[in-house]
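Chain A is already provided as a structure; the job is to place chain B on it using the hints.
Letter by letter, the chains look like this.
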Amino acid sequence: DTEVTQTPKHLVMGMTNKKSLKCEQHMGHRAMYWYKQKAKKPPELMFVYSYEKLSINESVPSRFSPECPNSSLLNLHLHALQPEDSALYLCASSPPFPGTSYNEQFFGPGTRLTVL
Amino acid sequence: AQTVTQSQPEMSVQEAETVTLSCTYDTSESNYYLFWYKQPPSRQMILVIRQEAYKQQNATENRFSVNFQKAAKSFSLKISDSQLGDTAMYFCALGVQGAQKLVFGQGTRLTINP
Numbered sequence: 050d051t052e053v054t055q056t057p058k059h060l061v062m063g064m065t066n067k068k069s070l071k072c073e074q075h076m077g078h079r080a081m082y083w084y085k086q087k088a089k090k091p092p093e094l095m096f097v098y099s100y101e102k103l104s105i106n107e108s109v110p111s112r113f114s115p116e117c118p119n120s121s122l123l124n125l126h127l128h129a130l131q132p133e134d135s136a137l138y139l140c141a142s143s144p145p146f147p148g149t150s151y152n153e154q155f156f157g158p159g160t161r162l163t164v165l
Numbered sequence: 006a007q008t009v010t011q012s013q014p015e016m017s018v019q020e021a022e023t024v025t026l027s028c029t030y031d032t033s034e035s036n037y038y039l040f041w042y043k044q045p046p047s048r049q050m051i052l053v054i055r056q057e058a059y060k061q062q063n064a065t066e067n068r069f070s071v072n073f074q075k076a077a078k079s080f081s082l083k084i085s086d087s088q089l090g091d092t093a094m095y096f097c098a099l100g101v102q103g104a105q106k107l108v109f110g111q112g113t114r115l116t117i118n119p
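Top line first, the protein sequences correspond to chains A and B. Under the working numbering, the residues of the first sequence are numbered 50 to 165, in order. Under the working numbering, the residues of the second sequence are numbered 6 to 119, in order.
Computed Cβ-Cβ distance ranges for the label pairs, DEER-style:
#, chain 1, residue 1, chain 2, residue 2, range
1, B, 103, A, 118, 23 to 31 Å
2, A, 79, B, 57, 16 to 24 Å
3, B, 8, A, 66, 32 to 40 Å
4, B, 23, A, 89, 23 to 31 Å
5, A, 100, B, 8, 25 to 33 Å
6, B, 25, A, 52, 28 to 36 Å
7, A, 108, B, 57, 24 to 32 Å
8, A, 103, B, 52, 19 to 27 Å
9, B, 72, A, 63, 44 to 52 Å
10, A, 102, B, 62, 33 to 41 Å
11, A, 88, B, 16, 15 to 23 Å
12, B, 61, A, 102, 32 to 40 Å
13, A, 65, B, 57, 45 to 53 Å
14, B, 57, A, 69, 34 to 42 Å
Hints listed in this document are in silico derivations from the structure and should not be mistaken for laboratory results. From the three backbone atoms N, C-alpha and C, an ideal C-beta is built for every residue, glycine too.
Excised from the complex, chain A in its bound form:
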């Protein structure tokens, strides 16, 4: 299995809703990432988990709450979002970087989020 999967593909939510995005990989990767991507822009890093521990939080508002229940699964919990949070949310994973020759990231297909 050489892919990163994300569910759902599309999500529409109101500003008072609580929803979650899910990401899964079975490549044995130990680093997992959440990115936010606006149209025609590069991905913006939000969070990084390394060996199931949060290692990077790019000053993301608390209405986004990541969770890494195990080495294969990454969640992003959403609560009280704003319309400007509408974007494509990408998940990625990469091999354990200590000892590897490069830090290539494998991306999932993304979740298209619309906040009304």
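Positioned in the frame of chain A, the structure of chain B alone reads:
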């Protein structure tokens, strides 16, 4: 700090032509990697090609090759015999050994016309 610059926001060529996408970068690190990612309109980001900075030989993957000029900090992507399926956003990215972040350029929107 690392930066990546893609100076061509959009490019358009005819099918079967060769096209070169430009990328320049800046880093003070000695151990780093460079990547070209492709994001078609279907949106999944796919790795096209990678280059380790310590390797002098330019990477190639079938119709895709790079021109890595380390001293000039330049990393261009050449697509030979372009195909309609090459239509996509192309992002140049820099990763530093031991760091977990990739630094992306702003992207080049490439359109291959029939």
